Each structure stands twice: as C-alpha cells, then as structure tokens.
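A.B. asks: Whole structure, please, built from the sequences with the hints as guidance.
Those protein sequence lines, which keep their order, are chains A and B. 148 is the number of the first residue of the first sequence in the working numbering; add one for each residue after it. 302 is the number of the first residue of the second sequence in the working numbering; add one for each residue after it.
By construction, these hints were calculated from the structure, which means they are not laboratory data. Just so you know, nobody snuck in bad clues.
From the structure, some residues in chain A lie toward chain B, with a derived Cβ separation under 7 Å:
#1 R193
#2 M234
#3 L238
#4 E262
#5 T296
Derived DSS-like pairs (lysine-lysine); straight-line CA-CA distance at most 25 Å:
#6 B:K422 with B:K398
#7 B:K911 with B:K868
#8 A:K269 with A:K343
#9 A:K369 with A:K349
#10 B:K624 with A:K222
#11 A:K159 with B:K624
#12 B:K433 with B:K407
#13 B:K326 with B:K313
#14 B:K801 with A:K233
#15 A:K161 with B:K624
#16 B:K899 with B:K868
As the structure is a prediction and not an experimental result, all values here were calculated from the model. From the three backbone atoms N, C-alpha and C, an ideal C-beta is built for every residue, glycine too.
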Amino acid sequence: MVTLTIDGQEVKAKEGSTILEAALEEGIYIPTLCYYERVSPAGVCRLCSVEIFRDGHSRIVASCLYPVEEGLVVKTDTERVMNIRKMTVELLLARCPDVKVIQDLAQKFGVERTEFTLEDKKCILCGLCARVCEEIVGVAAISLVGRGTERIVNTPFLEEPGACIGCGSCAFVCPTSAIRMEDIGDTRTIYRWKRKVEFKLKQCEKCGRYWATEAQIEHMKKKTGLPGEFFEVCPNCR
Amino acid sequence: MPRVNSRAELEKLRKEIQEKRDPNKPCISVSSGTCGRAFGSERVYTAFEEEIERQGLESEIAIKKTGCLGFCERGTLVVIYPEEIFYTRVQPEDAPKVIQSVKERKVVDRLLYTDPVTGKKITYEPEIPFYKAQQRIISEANRWMDPRNIEDYVAIGGYSALSKAIFEMTPEEVLEEIKRANLRGRGGGGFPTGRKWETTKKSLGEPKYVIVNCDEGDPGAYMDRSLMEGNPHSVLEGLIIGAYTIGAHEGYVYIRNEYPLAVENLRIAVNQAEEHGLLGGNILGSGFDFRVRISRGGGAFVCGESSALMASLEGRPGEPRAKYVHAAERGLWDRPTNLNNVETWANVPQIILKGADWYRGMGTDGSKGTKIFSLVGKVNNTGLVEVPMGITLREIIYDIGGGIRDNKKFKAVQTGGPSGGFMPESLLDLRVDFDEISKVGSMMGSGGMIVMDEGTCMVDMARYFLSFLEGESCGKCIPCREGVKRMRQILTGITEGRGKEEDIELLERLSMYMAEASLCALGRTAPNPVLTSLRYFRDEYEAHIKEKRCPAKVCKELISYHIIDEKCPGCGLCVKNCPVEAITFMGKKKPVILDQSKCIKCGICFDVCKLSAIDVR
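C.D. replies: Encoded structure:
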C-alpha cells in the first residue's frame, strides 16, 4: 500500500493504482467525463486534472493516469485546477451547447456562458464507446476515426457496422447520450454514425421479456462456450 | 565484400581502402540530396559521367554523388577536389567546360559563387561566408561521402568509434563519457541523453529497445533528412554504440515515408553494415548482437512525439500517451526503450572518438557541442547550417545568412518549429542555448529557424502556425483539439477585421490552459506562437483589433490597393496582369482606374508595377 495526501486527507491506495482511483475510493470528488472504471483510462477530457506537490514544485497531472506515489501531496481544488475545469467546460459548452451533462457541469463550476462560437455537436470524442466495445465487448465495431478537428467516432471505413452485435454498451457508457438506443417490441434500434442500426431481440422463454439481441447471444455463446439452451432464458429467470 | 571479424580486420580494411585512393586525383562531387535533385543534380551527374566517358578520362578524374551540402538554394552544387573549388547553379551543359577546367587545373569563373553582400566572387568552399562561420562536426562528412558506399565512410574513420566503444570501453564507461559530454537531445526537448540511456539501462525488463526518431515534420526544416540521406552510417554507428551501452539487441529507425531518398540510402547502409559484420550477429567478432529494422511513418506530424511514434511502431494509431511512466521504463511494447533524434545519435560516434572533453569545449555551460539549423525565410543565404552552441542569433542570421533579403528590415525569427516562439530584434544577441531560448518563450526544437522581415504580419503568422497545428493535432485530448481550433478561429477573426478587444485576454487564457492541461508537448507548446507574438508584437494585435489596420499590410481584409495617379503613366502592365479585370486602361499617359469592388487584393499589380505607382493602405 502507498500513502498519499489528497486535499489534506491521508489516503491509502494500492500500488499501481491512480490518483483518481484512490480519490474515488475515499469519496473525494474529482469530475470526469471520459473515465469508466472497467476500461483503461485515456486522459482525454482532462477534467480530472489535479495539482501535485513534490520537493517544493507543483504540476498539473491527469489523475486518471497518474500512478500514486508514497508521500505524494495532491490538491483537487486549487485555482489552477479550477481554471482548467472551467476552460474545459467552456470549450465543451461551445461544442455541445445542448448536452445536459455539460450544462450541469457549467453550472457547477460557475461557467455562465461560453465566449466561443457555438457548434451543435453531441459527441465530445471521449472515446469511451470505442474503448468499451473493444476492451469489454471485444468486437471493436466502432473506433475513433481521423485526426484533430476532423476526428469522429464511426465504423471501420464508415461502412455498415458489420461487427456490431447491438449490445448497447456504447450507449450505456456514453456520457453525453450522443449514442441513443431504443427497444420497441422485438426490435432494438441504435441511432448514431449518421445511420439507424436495427437488431432483432430475443424473447425469454420463461418470462417473455425481450432481453438481448440475437447477435449478442451468438457472441456470448462463442465467448463463453455455453450450450444454446443456457441463453433461452434471461438472466432474471435463470 | 568479406565480413569484418575483428578490430584489426576493420583497420586493415580501412588501410586498403585508403591506399586504393589517390588524394590528389581530381574528383568532381555533385551534391545530390533531395534538394539537389530538385535542381536536377541527377542530370548534371549523368552529363559529367558521359563527358568523362566520352573523353576517356575515367582513370584521371573521379566523380561522386554526395548528400546535401547545406547551401541547397544555390543548387546544383558541384565541388572539385582536392582544391575544393565551389560551383553553384551548375547545369548539364556546363559539364564539358568544367571537365576541361579540371584537366587544366583552372577555374570556371562563370559558375563561381558571388557573395550577395560584397558582390565578390569566391573560388573555394571554405572561404564562402555561409560556410566560414559554421562549425561542421556532424554535417561535414556529407561533403566527402557517397552515402551509398560504406567504403567512403570507413575511409574517413567510420565505425572506429564503434570498435573503440566495444573493444576498449565497458558499457558503463561509454555511458559515463556521454554523460560527461552533457549531450542533450537534439529532437527539441534537450533532455540529457546520458541520463535517458542510464534510466533505460537500469530499468528492468527485456528486451530493451533503441529507436532513431527520423519523423522530422516541422515546416521548412530538414536537418534530419539531410543527415539520413547524406551520412546514414553515422546515425547507425551512434545507434549501435547506444545499444551496446544500454544492452539492447533490437533497434528501430522510424522514418518518414515522405523522405524516399533517406529511406533508400538508409536501407542500403543497413544492408552494407550487415554484410560487413558491423551490424547483426556477433558485431566485429565481439559477441555483441544488434539488429535494426526500418519502419516508415505515414506522415502524421504528431508521430514525431516519442509516445505517439511508439504507438505507431506497434501498429496502433499514432496518438501520444501520458508520460508519467517514462519510455525508458515502459516504452515500446511496454519494454524499456530509449529514443533519440537522428542528430543526437550522429553526435555519439564523435564524442566516443574525440572524448567528452573535446565536446565540452564547444558551447555554453548548459548546452554543449553544435546544433544544425535549417535557416530559411527572408535571409540572403538559406540552407542547413551547423553552428556551435552559444553563437548568437545575429551571427547566424547576418554572418552566415548574409542578412535580410532585398535590404529589408529584420522583424522576427522563429525557432522550434510550428510551436516555437517568435523572437524580436531586441533578442538578436541572444545565445543559442536550450535554456536561454526557452526563457524568452521559444524553444530550441529540432532546428527550424525561420527569419521574417518587416513585410510579415505577426498576427497572420501566428494564425498560420495555429492552422498547421490544427491540422496536425491528433485530436485525442480536449485542450489541444478544441483549444487549437478556437485559437485559430480567434486569430482568423482578428486578421479579417472581426477582432474584439476581449480576444487578447481570451487568447491568453486559452494559452495558459493548453500549456497546463494538454496531454502531450504538441498541445502544451502550441500556444507559443500566440504568446510570443502577444509578448513582443502586441501593438500589431491592437492595430488589427482597434484600428482594423494591418501594419505589415498583409491581411487582405484590412488592406486596399490604390493607384497613385501622379506616378501612373498608364503603361497598362497592371491591366494585363490583373486576374479579375479590376483595372481599366484609360488611354496612354492617363492613369489607370482600379475598381475596388472587383479587386481581390492578390497584389499582382503592386508586384508588376515598375514605377511604384500602386499604394497599399
């Protein structure tokens, strides 16, 4: 275990863990948009920036990536940190003025308006959807495409998402609800990538609930090696 | 060519090569780097070759294709050895005349270089001011070598640093020598090379890797290309010595695919070094194994950033990662990795051969040795220059560069590539030194040096560099992706007359934010052009914003062209050249009339008018 200080509070953390993980464990608030505990951190949104102090020097680091060190002093609420949060939100507010989570952050950090020309995007390119799709689902049906201001999230070569199993993990992790998902009757629709992608849902033999897409069940069969009957019923009825 | 299996065999080979060569035999050397080729050096070389063959002079006159000689703008350059007679602007038709002069040991006056400052002709290469004030320890060998012939490199002492390191020194002693020399990374950061090597050496994990970063991408800079094209063996030799020191047996050269000649010459060099037993298994019979692979980059500027480069090498998108854990501990494939720039590696053999004390004799307290700059922009002599650290900017620009073109006034010099800063006239006596340049808001960078004259608008220049960075930001982190875009938008607004007084404060706030919060150095240094232009040329921003005026008369939206009636004789030259028919001919001896509503402000009329009858306001 490593002992460090976050906002004056002594915190013990596992060696190799990050400042953010240590803070979350102790219930110390650090805002994030691109962080999800089940996938690898990427350091995209920089909202989790904190100031660290060592040997009389201080510097700004992304807490989702910075590994804890013995005796490290971390502050999450200095003026430098607050200025970074504010400017990040101001830039995001200009990019996605209609996104609720960003409006809420703006209110929280006292950003009343943005000085920049407004755009009307929903996606902040945090890449969580792509990371979940690759690291957890294991299909990598979508990824970040292109560079710089041209960057988007899309399918390989912008073609129909052939590898997508319609599991909806991307919609689940998306912090701005840029990826939308809807189940109506036996059909699941995912709205994103300038298209509508439809999947057939499978019914639970016991309770009759539509619980997963057919493609998703095929994927789970392959991944787990379990017999087909196992997937005839939903997790609740098993 | 047989394998060289020991130190003695290498020396024997060297002696044989040297004995074969007659130092007094005239040699016609054609500068054939990419820049030379652009001037047609290939045709010039063929013309010489054919003429020599026609006259049956093969045994009397040698001919050689070398890499870039630095003074590229005067190409095709031809040097006659042993006298070192220096010819510029040589054409294929000049071949018979030059060969005749070589036979008679005379000089072709017409092809000599004329110093634009004194107007005098200069015969010998070392006497040309452009070369005189330089100190070429790394780039000099380009002059003597056909980069595709390993014998040329061996003849001038090549690979003797390697054999010295392997047979006379322990890896620890080599490391100590590099540390004592205080060699600092030439890629831009100036990190002490010895310390980097030491961390990699001490880090746990096998295998260890060494990498050459040849992903040079700064606009107008080509130091690394020139070295890789002209003397790839010197880079390889440095790399092998580094690998020996660190304990690496695998290395990579990451090189831009846009440098086809450098890739080709490097590939030939690697093959020849392997054939000679200088690379590969059991190097020089010492038992040390080291293999090199060449990996070609796809053209993203950000791949010059070390962590993005490694991601690209691994086959992933070229995006940087946070460097809280250094590559020296966990780099390529999570193994200890030491990456250095081309020029840094090329310094290594020199230090091993001549010693740290010799190296420390050049430069300032904090920056030792020399630095190669790509001197471009509004100076009389542009090209690659190698200078000792500690030389002043003034010496580079005026003594080597020959001052500003067309008798205009100096305005600013930018070092460090697109995210470097501008330095004004008051800083011309600043010494070239990693720390001094950083202090004034710019950076050494990898060696780009762009000189600007009074006709340059600094706001427009800042806008240009930000638009370059906007296209090259990888887009991963928000401060860089969104910040660079917004900066460029604000700067464009100012240059187009839409600037607001609050813009300056917003630019400063954005700059602070990007410098602190960005993930990699690209984003962290991107505000430098904005910050330094605001620091040294704030009045220009204010003129654009408050008076809607571009003092340098560059920003199209803020200027207009006018005919000065008293000066215009109605010659009609501007009428003929105007691409949009905005100027009307009113008869001889009557001034022409310019229709402002049609004018696209291309400035052609201004350029073609011989009587200065056009005014820009």
